[in-house]
Amino acid sequence: MRGAQVIDVQTGSFMSESVNALLDFENVGMTFPDGTKALQNISFSVNAGEFVTVVGPSGCGKSTLLRIASHLEQNTSGNCRVDRDSIGYVFQDATLMPWRTIRRNVELIAELHKLPKEERRERAQAAIDLVGLNGFEDKYPRQLSGGMKMRASLARSLVMQPKVFLFDEPFGALDEITRERLNDELLSLFQHEGFAGLFITHSIAEAVYMSTKVLVMSARPGEIIASFDVPFSYPRSHDLRYEPEFAELCGHISHALRGAHQ
Amino acid sequence: MSNSENTAISHELVHEKKDRISLSDYIGPAIVFVLFIGVWYLLSKVILPQQKRFLLPTPDKVLTDGFFVWRTGERRGLQPILLSLWSSAKVALIGLAITIVVGMGLAVLMSSRRWLERATWPYLVAIQSAPILALTPLIRALVEGTQTQRLLVVVLIAIFPIVSNTLFGLLSAEKSQHELFTLQRASRWTRLVKLQFPAALPNIFVGLRISAGLAVIGAVVGDFYFRQGGVVGIGAQIDVYRSRLWGAELITAIILASALGLVVFLLFGLLSKAAIGKWHITNRGH
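These protein sequence lines map, in sequence, to chains A and B.
So the first sequence is numbered by numbering that gives the first Met the number 0: it starts at 0 and just counts up by one.
So the second sequence is numbered by numbering that gives the first Met the number 0: it starts at 0 and just counts up by one.
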């Protein structure tokens, strides 16, 4: 199996090579107060310049993984190490404030960090330019399409230049063309900024196209049952999706996922 | 990103139909107004028995005897009605200001602690449904000065919609919006000012419009029970006209009191549009 590395489920350990990783899960488990076991034995790490994507069946705890990484939720066992102040989080929906213009929405996180007005205006403009929303600064969210709102949401996270970027199925609600375009834009941001990315998606093709590594999770309680290194170099072009190697890797992941559903 | 790409996404802008005022927007109200006057004539000329027609003078009689008479004697005519209307309007507006401050403060407290919300609700509902008539002796015994007593009546009658709508609005921000603030470790105050309060504005304005109308009612009701020397409120004036069977003056006073309520209602409508019209849309469904 090319580029694949299956984790030993029995010992439940897949120790990361680097202790200096920006994001590090070490035997993380999560049991909700009602007794539901959401996650167990989660161990992996993400370094700067790595883009790791997690795929798995619905309800397997993928989102919980991000919520633990961002301290929105506290894991009940194991360790999750990350610098809380260098996290960017992109939600499933754009989560814009409808009463703020796009510019003021993009400024929001900088505002919460009490950056001086001039600096946050400057940074926001840079982020707006980066995601291609220039010209729309004074529009309100309701005037924008779903894809543009997602761009604004990305820009808002970019303003603080996070070292760790967490994406919770950000493009799941978009049509395929918009989604692929945003995939490319996010990848160019990734190359440009060199953050450590942790991405959640349902789409295998999206996972392979974006990532340096794809992790497959099992149904609840969520466990990492397979890990695939993606060998393609960046920048990746749209045509990569139609290469035989791409399809082959997708096939392997799909196979592992089918196992996860059982 | 290049400019060409930028123009490529501009088609993604959502275009909205402007809600333009057309001729039909004037025809509708005009028809309803004509119907209203027609029903009025019908009531006072046909439906009411002959000996009871003094209760509802015809619209033209209200105009000539009520609106077009400046002043006769101490109480009859437009001038004394306007003076008492002004007296009531002051009570309504000051009372409304107090209601807004107290009501919104209460809603903020209730939104911050669940037990506080649960503990407070029953009393608010009780105030809302308690007959003011039954409370008047208590109010008179506890509070001194007719002005204060009238203000208290206004607050009691008008406070419920402000509290309930503000509270509903403060709790209406989405979970992910809250999480965005949690991720930045925002303080409770920041969350209130930058998330909950702006999210609540559409609801707050709904509450304001209802409370503003109720404040006028409260002022009129307060006039009934708490009178003072000198210029009396419009409620007291209405009571005098009623007891002396001065129909034209009675209807004039009622129309002007309603007009005050309407003006306040419209004023808050405009204020709402100016404050949130840019981002908050109402959908009629067609």
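Mixed in with the good hints, there may be bad ones.
Claimed, not checked - Straight-line Cα separation of at most 30 Å, DSSO-like style, residue types lysine-lysine; simulated pairs:
{"hint": "1", "chain 1": "B", "residue 1": "K174", "chain 2": "A", "residue 2": "K162"}
{"hint": "2", "chain 1": "B", "residue 1": "K193", "chain 2": "A", "residue 2": "K138"}
{"hint": "3", "chain 1": "A", "residue 1": "K138", "chain 2": "B", "residue 2": "K44"}
{"hint": "4", "chain 1": "A", "residue 1": "K212", "chain 2": "A", "residue 2": "K36"}
{"hint": "5", "chain 1": "A", "residue 1": "K116", "chain 2": "B", "residue 2": "K174"}
Calculated from the structure, these hints are not laboratory results.
Treat the numbers as computed from the prediction; the structure is a model and nothing was measured.
We went through each hint and held it up to the structure:
The hinted pair formed by K174(B) and K162(A) meets the criterion: a straight-line CA distance of about 25 Å does not exceed 30 Å. Straight-line distance between C-alpha atoms of K193(B) and K138(A) comes to about 19 Å, which keeps the hinted pair within the 30 Å bound. For the suggested pair K138(A) and K44(B), the alpha carbons sit about 58 Å apart, so the restraint of at most 30 Å is broken. For the given pair, K212(A) sits about 26 Å from K36(A) by alpha-carbon distance, which is consistent with the 30 Å threshold.
For the suggested pair K116(A) and K174(B), the alpha carbons sit about 27 Å apart, so the restraint of at most 30 Å is met.
Violated hint for the displayed structure: number 3, the only one.
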